[in-house]
Amino acid sequence: MLPGCRFAVTDCGSFVALRAARGYHASTEHCASWSSVMLISCVAYQNGRKLADIPIADISEYVGRPDCFVWVAMFEPSTDELDEMAAEFGLHELAVDDARHGHQRPKIEEYGDSLFAVLHTVEASKTPEGDEVLLSGEVDVFVGRNYVLSVRQRTKVGFSAVRARAEREPELLQYGSGYVFYALMDNVVDRYFPILDGLETELEKIEEQIFVRNAARSNIEALYALKQKLMVLKHAVDPLMEATGRLYGGRVPQICTGMGEYFRDVYDHLHRIHLTIEGIRDMLTTAIQVNLGMISLSESEVTKKLAAWAAIIAVPTMVAGIYGMNFDVMPELKWTYGYPLAVAVMVIGDIWLYFNFKKVKWL
Amino acid sequence: MLPGCRFAVTDCGSFVALRAARGYHASTEHCASWSSVMLISCVAYQNGRKLADIPIADISEYVGRPDCFVWVAMFEPSTDELDEMAAEFGLHELAVDDARHGHQRPKIEEYGDSLFAVLHTVEASKTPEGDEVLLSGEVDVFVGRNYVLSVRQRTKVGFSAVRARAEREPELLQYGSGYVFYALMDNVVDRYFPILDGLETELEKIEEQIFVRNAARSNIEALYALKQKLMVLKHAVDPLMEATGRLYGGRVPQICTGMGEYFRDVYDHLHRIHLTIEGIRDMLTTAIQVNLGMISLSESEVTKKLAAWAAIIAVPTMVAGIYGMNFDVMPELKWTYGYPLAVAVMVIGDIWLYFNFKKVKWL
Amino acid sequence: MLPGCRFAVTDCGSFVALRAARGYHASTEHCASWSSVMLISCVAYQNGRKLADIPIADISEYVGRPDCFVWVAMFEPSTDELDEMAAEFGLHELAVDDARHGHQRPKIEEYGDSLFAVLHTVEASKTPEGDEVLLSGEVDVFVGRNYVLSVRQRTKVGFSAVRARAEREPELLQYGSGYVFYALMDNVVDRYFPILDGLETELEKIEEQIFVRNAARSNIEALYALKQKLMVLKHAVDPLMEATGRLYGGRVPQICTGMGEYFRDVYDHLHRIHLTIEGIRDMLTTAIQVNLGMISLSESEVTKKLAAWAAIIAVPTMVAGIYGMNFDVMPELKWTYGYPLAVAVMVIGDIWLYFNFKKVKWL
Amino acid sequence: MLPGCRFAVTDCGSFVALRAARGYHASTEHCASWSSVMLISCVAYQNGRKLADIPIADISEYVGRPDCFVWVAMFEPSTDELDEMAAEFGLHELAVDDARHGHQRPKIEEYGDSLFAVLHTVEASKTPEGDEVLLSGEVDVFVGRNYVLSVRQRTKVGFSAVRARAEREPELLQYGSGYVFYALMDNVVDRYFPILDGLETELEKIEEQIFVRNAARSNIEALYALKQKLMVLKHAVDPLMEATGRLYGGRVPQICTGMGEYFRDVYDHLHRIHLTIEGIRDMLTTAIQVNLGMISLSESEVTKKLAAWAAIIAVPTMVAGIYGMNFDVMPELKWTYGYPLAVAVMVIGDIWLYFNFKKVKWL
Amino acid sequence: MLPGCRFAVTDCGSFVALRAARGYHASTEHCASWSSVMLISCVAYQNGRKLADIPIADISEYVGRPDCFVWVAMFEPSTDELDEMAAEFGLHELAVDDARHGHQRPKIEEYGDSLFAVLHTVEASKTPEGDEVLLSGEVDVFVGRNYVLSVRQRTKVGFSAVRARAEREPELLQYGSGYVFYALMDNVVDRYFPILDGLETELEKIEEQIFVRNAARSNIEALYALKQKLMVLKHAVDPLMEATGRLYGGRVPQICTGMGEYFRDVYDHLHRIHLTIEGIRDMLTTAIQVNLGMISLSESEVTKKLAAWAAIIAVPTMVAGIYGMNFDVMPELKWTYGYPLAVAVMVIGDIWLYFNFKKVKWL
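Chains as they are written, first to last, in our numbering: chain C, 1 to 363; chain W, 1 to 363; chain Z, 1 to 363; chain S, 1 to 363; chain X, 1 to 363.
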């Protein structure tokens with residue numbers, strides 16, 4: 001939408017700095033002329049080794065060489081920038097459309113012999129009120145025989161670690177774009193684990209509180225918040241798991257051939273997360289019902305207490321009422337010890353009541 | 001049922017006006033002689049370009065030409081009108097039956113090498129009471145090798161935008177009826193998104209209210225209304241998603257050949273909507289349970305308040321009752337400061353009670 | 001079980017009359033000699049046209065002719081009568097067993113190149129208490145290459161309409177037994193729709209009442225009754241849908257060859273009913289939960305009202321109690337306007353309470 | 001575990017008597033020497049006709065003859081006895097292990113060209129408290145080309161009826177072991193029906209009570225007991241249904257060849273039971289929720305009654321309190337008709353309250 | 001992580017002792033030099049018979065011989081130790097990674113012609129508070145053509161019993177690594193049964209308490225604890241069952257060929273456990289709902305009691321109030337028996353109330 005170098009003034013420096021800190025060549029000369037902020041890096045590789053940082057315009061040339069592959073990382077590109085990439089790489093219109101609009105569900109689609117994958121990142125964040133929420137970002141990956149283009153959206157953490165690792169292990173990078181695709185997926189999926197651990201910890205905390213009296217309100221709020229977070233993670237994980245299951249065994253896309261065990265490993269991680277999510281969901285449902293039971297139970301206890309104290313107060317009131325009657329002939333009223341006796345009746349009655357209520361656990 | 005030009009007097013003008021406003025040639029000469037109100041347009045195309053608006057009677061001729069295709073749009077046609085079309089295009093009796101009766105579930109059926117699709121439109125509408133409801137309309141589409149006939153029922157918005165876009169892009173329209181079918185589906189599906197967004201917003205609004213005291217009744221009503229709307233959307237989306245899944249990969253109908261990626265894209269959108277609906281349903285169920293918990297909790301709090309205040313009132317009443325007794329010998333009654341003392345006992349007792357109830361959060 | 005002409009005296013006439021009224025030749029000569037009451041009709045067809053009403057004993061002969069087919073309709077036959085038919089048509093023992101015992105689930109089974117289908121009819125009926133219930137009847141259909149035998153049990157409405165329609169359309173009847181089978185299924189399935197509409201209307205009526213105060217008890221009873229009816233319909237529809245799905249596409253029974261589009265149409269109707277049933281079930285579950293919430297809410301409101309009025313009564317009682325004390329020195333008691341003042345305190349206190357309770361919606 | 005003739009002294013006679021009563025040759029000579037109590041019968045057949053009761057040691061000889069088959073029925077055999085049988089028939093170690101340990105889930109397994117089936121019997125029984133419970137027994141069936149060995153455990157009713165029927169119909173028994181296997185399954189499955197009918201009747205009884213006031217506790221207990229019984233039946237039926245589904249259509253075990261229609265019939269019965277169980281489960285869930293609603297409703301009604309009567313008592317108490325005040329100047333106290341007037345106020349107030357509470361259905 | 005002999009000082013002796021007690025050659029010479037604590041045993045077999053305890057360094061040599069196989073058992077090895085094993089056996093990097101990190105879901109994966117299995121052990125343990133919890137341990141098994149390596153983590157019980165049994169039955173051990181793999185799985189699965197029995201017993205205990213008054217709180221806690229344990233077992237069983245289902249029938253891994261019946265037996269046990277778990281879960285859900293109903297019911301009973309006693313106290317209070325009024329003209333006050341009469345009215349009124357409340361079961 002916004003043409004040119006959108007964040008040039010405010011953000012370019014920081015990103016360049018960021019990249020420098022991560023050990024990249026900060027190709028600052030691009031920033032002024034073109035939206036290099038959105039361009040995290042653009043590198044050509046040959047035989048698993050880095051050849052050079054290349055300018056955008058040269059991409060198509062490098063992609064044309066049979067023994068080269070180009071790996072480009074972008075961050076929230078504008079429509080124009082994306083279109084330029086689409087032209088350089090020859091991407092399919094529908095895939096580019098999806099990347100442009102964002103907000104796709106996780107998926108892996110084949111377009112001829114290239115792949116288009118949408119991954120969701122999930123990041124914990126604090127609301128202004130101090131509540132933790134999970135934010136969902138998006139990574140769109142275009143993978144061809146000799147290129148990988150990753151487009152990152154609404155997510156803070158990038159993939160420089162993936163690139164660094166890949167460059168350290170040229171024997172794996174030699175596998176080409178399939179390996180890079182695996183490494184990106186693996187990285188995204190690995191980031192789900194701390195999130196999931198956080199949710200499990202949260203459930204355990206609630207479980208510790210669930211049978212504590214007077215915690216029902218905070219429990220119910222915590223349970224609902226946990227459910228909301230769980231759904232964010234579930235929406236990231238489940239469709240991806242389903243899609244990853246088609247990358248090994250049976251007929252697999254050309255690009256993934258020979259890497260079946262790696263993609264099965266990713267699938268396996270996703271399946272583990274999936275099962276844990278389902279387990280938490282199941283426990284959540286039970287916990288909500290149990291909590292409802294605890295609320296009813298606590299109300300029942302309040303009612304019992306109310307009833308017991310009402311009785312303890314009502315009995316002396318009744319006795320007092322009787323001796324407040326104005327009958328002419330009420331012999332007790334004449335007795336010297338009538339008053340203390342009446343009070344004694346009240347007190348003893350109440351003590352008896354008190355201990356009986358204690359015995360039946362109403363007090 | 002009703003023969004001839006059903007809405008001729010009242011509606012024809014407005015429809016013609018409508019069409020004119022959308023940039024069509026208002027073929028008003030048809031209106032008087034034939035139910036042109038139900039006929040939104042009837043155009044022949046060749047090589048992706050518009051050839052001419054054609055009269056109904058010529059349809060079969062154009063359909064007979066190998067390089068031509070005819071695209072007809074109707075709105076709530078009468079039985080006779082539909083039968084005429086069936087004759088011109090050679091439609092299958094069962095499909096025409098379905099279109100005639102309406103109220104079909106969404107589906108895509110093959111009849112020989114032609115397709116019959118039922119799509120549901122979903123439109124938000126206000127009831128006289130000001131509540132928003134979702135109304136479900138129907139679009140029946142007959143697709144043959146060189147014709148497309150769309151029959152729109154109980155839905156306000158038409159498909160002129162689809163036709164306009166198609167005519168602007170002759171290179172796509174060249175694909176023929178398969179492309180038009182895709183464009184119609186894509187248009188119908190795209191209209192689900194704002195509806196879905198509305199439902200998500202509604203859920204978020206309820207979620208903001210769900211832990212607010214005294215909002216239980218309005219929440220429960222809102223949750224039920226949301227569920228009702230969700231079901232309308234679900235009934236439109238789920239069967240269509242299932243049907244669309246058979247238009248790509250594996251064996252596909254002849255008409256859709258070569259357009260697999262387009263139909264997969266539609267499927268993908270439907271699947272995203274489906275997942276979001278399921279997510280909302282799941283949250284709704286939890287929200288209803290949580291709301292039930294909040295009601296119980298709030299009742300529990302009322303009972304506590306009731307109990308606390310009852311105690312605060314009952315204690316002085318009891319004390320007063322005691323000093324209202326008529327015993328001859330009650331020394332306190334003779335004391336000069338008996339009365340203020342008694343009142344002091346009452347007040348101090350109540351203050352003590354009050355702060356204790358505050359402490360245990362009953363007040 | 002009962003041999004011979006079971007209902008001869010009481011029912012034969014009425015049935016014959018019934019048939020006569022429907023335009024059949026009332027073959028009353030059979031009634032005296034044989035249980036013709038259970039035999040609704042027995043007709044041979046050739047090339048789609050009625051040949052003749054034939055006696056039972058001739059069935060095997062007509063079935064033997066290659067260009068003929070025989071269509072027999074029975075109503076609650078005795079075991080003997082069924083056995084005679086089994087012998088004439090050469091029916092499979094297990095299928096006849098099923099028809100004899102009745103109370104089968106809906107199904108369609110192949111026995112060699114013949115079919116045995118069990119369909120459930122569903123009819124609304126009033127109990128003596130005036131409640132509407134759904135009664136499930138059974139239609140067993142034996143279909144061979146050139147015969148159709150339908151056995152109707154526990155259901156009032158017959159299939160004379162199907163026969164009349166078939167005889168009016170010889171070009172369809174020419175398809176033979178497969179078409180008759182389709183027509184019978186279509187008729188049974190079509191009868192589900194008004195039942196389903198009734199259930200939807202019932203749900204809507206309940207939904208109108210669900211947020212109305214003090215309707216909880218009648219709502220909960222209506223919801224349960226609706227659920228019961230829904231289950232009757234579901235048990236008729238779901239197994240039949242599953243079975244019908246095997247009559248088109250892929251490998252189909254010989255008899256149904258070439259009629260795939262017709263059986264798909266029946267399947268489609270069943271699927272629509274199935275989806276609607278599932279939708280109603282889902283809404284029912286939610287409605288029951290919502291109703292539970294409304295009950296809790298209404299209880300909560302009662303408790304609030306109770307608490308408010310208790311306070312309004314208790315405050316004057318307390319004040320009165322205080323001035324009922326018998327202390328010697330209580331200056332207020334001496335005041336001329338003491339009494340009105342005390343009453344004023346009570347009244348003002350109550351008015352203040354009343355409006356405060358109004359404000360917080362407890363009253 | 002226990003070697004030899006376990007129940008020889010106490011049970012042998014009775015079992016022999018039992019068998020005699022059922023028309024078997026009571027081979028009592030075996031009882032003394034060997035655990036014939038556990039051996040119900042051991043018979044060789046040829047061409048569908050009984051050849052002879054044979055001693056255990058001869059089994060392997062008869063099994064070796066191509067035109068013979070041996071049918072042995074055992075009841076709770078000891079480990080040694082089972083091992084002897086395993087040796088005679090050449091049974092697979094794992095299958096024998098399963099039979100030895102018992103408590104298997106229902107299943108049908110192929111071992112080479114023999115079958116091993118575990119069936120569950122379900123029998124109603126009374127607890128000492130008079131509650132009805134369902135007890136699950138086990139029948140292990142080993143089926144080979146020319147032998148059937150049935151091992152009955154924890155179940156009272158045997159299969160003499162099956163044998164008697166089979167011996168009466170030599171033309172069916174001629175089918176060999178496959179037919180016997182079918183007959184045993186059919187017998188076990190047929191016994192589920194009265195159990196299922198009992199559960200349906202039980203549900204209906206509960207349904208009659210569910211909207212009756214003050215029946216909530218007994219209803220909830222009955223619902224839970226019904227659920228428990230349902231689960232016993234479900235655990236017997238569901239796995240067996242699944243296993244039976246593999247005995248017809250597609251690739252079937254050698255032994256069942258040509259009997260597809262019979263096993264489909266068994267499957268069909270199991271499926272009917274399965275569907276009914278699911279239906280009852282569904283209604284049960286709803287009934288439990290409805291019952292919960294009734295409890296809440298009844299509590300709500302109690303609260304209303306409590307509130308109404310509290311008001312009716314509190315109003316006169318308040319009035320009395322007011323006229324119990326000791327103000328010097330209270331003109332009403334001097335009035336001659338003051339007292340009756342005050343009482344009249346109380347009574348009229350209460351009557352007014354009473355009818356108002358009646359009107360709003362609180363009383 | 002920790003290099004070398006981690007538990008050398010404290011644990012080595014005990015482990016060696018343990019092994020000695022189990023009849024192993026305690027190769028203590030390894031313990032000092034290398035983390036032999038983690039190495040439970042390392043043995044080579046030929047033709048089903050033990051050849052020798054071999055040092056780690058010789059493993060690759062023995063694995064190289066075609067007629068030998070090596071069976072190594074480890075306990076919580078360090079990363080270095082695992083890497084050494086990986087080198088000796090030539091294990092796949094991803095599988096070793098999984099074993100290193102632990103906390104995998106149960107699974108069985110093929111890597112070329114070797115298998116990698118993750119099994120979960122489940123052990124009951126007491127918390128410091130005395131509650132029983134289920135702890136989940138892990139066993140990673142690497143199986144190749146002629147080796148088995150088991151890595152045990154976070155679980156107390158080892159597999160010496162499996163080895164002892166295997167060595168006693170050389171005819172089975174001859175099957176090679178496939179048999180050892182089966183024996184390990186069988187052992188792990190067999191250990192689930194007592195756990196499952198414990199859970200069933202727990203459910204039965206709760207069921208006995210569920211309709212007992214005042215047990216709601218402990219029941220709800222017990223139900224939740226049971227659910228938690230059930231989930232631990234479920235997470236161990238379900239994925240393993242799924243994975244085991246691929247080891248027989250259809251295409252099976254090379255190593256498992258010819259052992260289909262054994263793995264089906266394991267599958268069958270897992271399926272039985274699975275079904276029982278699902279049964280318990282289902283009953284648990286119902287039990288939680290029923291418990292909720294019991295809580296509501298008990299609250300309802302408390303409210304009734306409260307109401308009844310409130311009435312019994314309020315009536316005399318009201319009567320007393322009336323005769324406490326100060327009207328000049330109140331004839332009853334003058335009566336000699338006025339007072340006893342008033343008291344009699346109170347007492348009789350209360351007795352009447354009491355028996356009426358008894359009759360309607362409010363008391």
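Treat the hints as calculated values from the structure; they're not laboratory data. Hints are not guaranteed to be accurate.
All copies of an identical chain are treated as equivalent in the list; a pair is satisfied when it fits inside any one copy or across any two copies.
Stated by the list, open to error - Pairs of lysine to any residue residues, derived as SDA-like cross-links and limited to a Cα-Cα distance of at most 25 Å, are as follows:
id	residue 1	residue 2
1	Lys-126	Thr-286
2	Lys-359	Thr-285
3	Lys-358	Gly-245
4	Lys-126	Phe-211
5	Lys-361	Glu-129
6	Lys-361	Tyr-224
7	Lys-50	Ala-87
8	Lys-358	Gln-254
Just so it is clear, the structure is predicted and the values come from calculations on it, not from any experiment.
Here is what the structure says about each hint:
{"no.": "1", "hint": "Lys-126 with Thr-286", "in the structure": "between (27 Å within a copy, 23 Å between copies)"}
{"no.": "2", "hint": "Lys-359 with Thr-285", "in the structure": "neither (35 Å within a copy, 32 Å between copies)"}
{"no.": "3", "hint": "Lys-358 with Gly-245", "in the structure": "neither (62 Å within a copy, 58 Å between copies)"}
{"no.": "4", "hint": "Lys-126 with Phe-211", "in the structure": "between (28 Å within a copy, 19 Å between copies)"}
{"no.": "5", "hint": "Lys-361 with Glu-129", "in the structure": "between (41 Å within a copy, 24 Å between copies)"}
{"no.": "6", "hint": "Lys-361 with Tyr-224", "in the structure": "between (32 Å within a copy, 23 Å between copies)"}
{"no.": "7", "hint": "Lys-50 with Ala-87", "in the structure": "within (24 Å within a copy, 30 Å between copies)"}
{"no.": "8", "hint": "Lys-358 with Gln-254", "in the structure": "neither (76 Å within a copy, 70 Å between copies)"}
Violated hints for the displayed structure, listed by number in ascending order: 2, 3 and 8.
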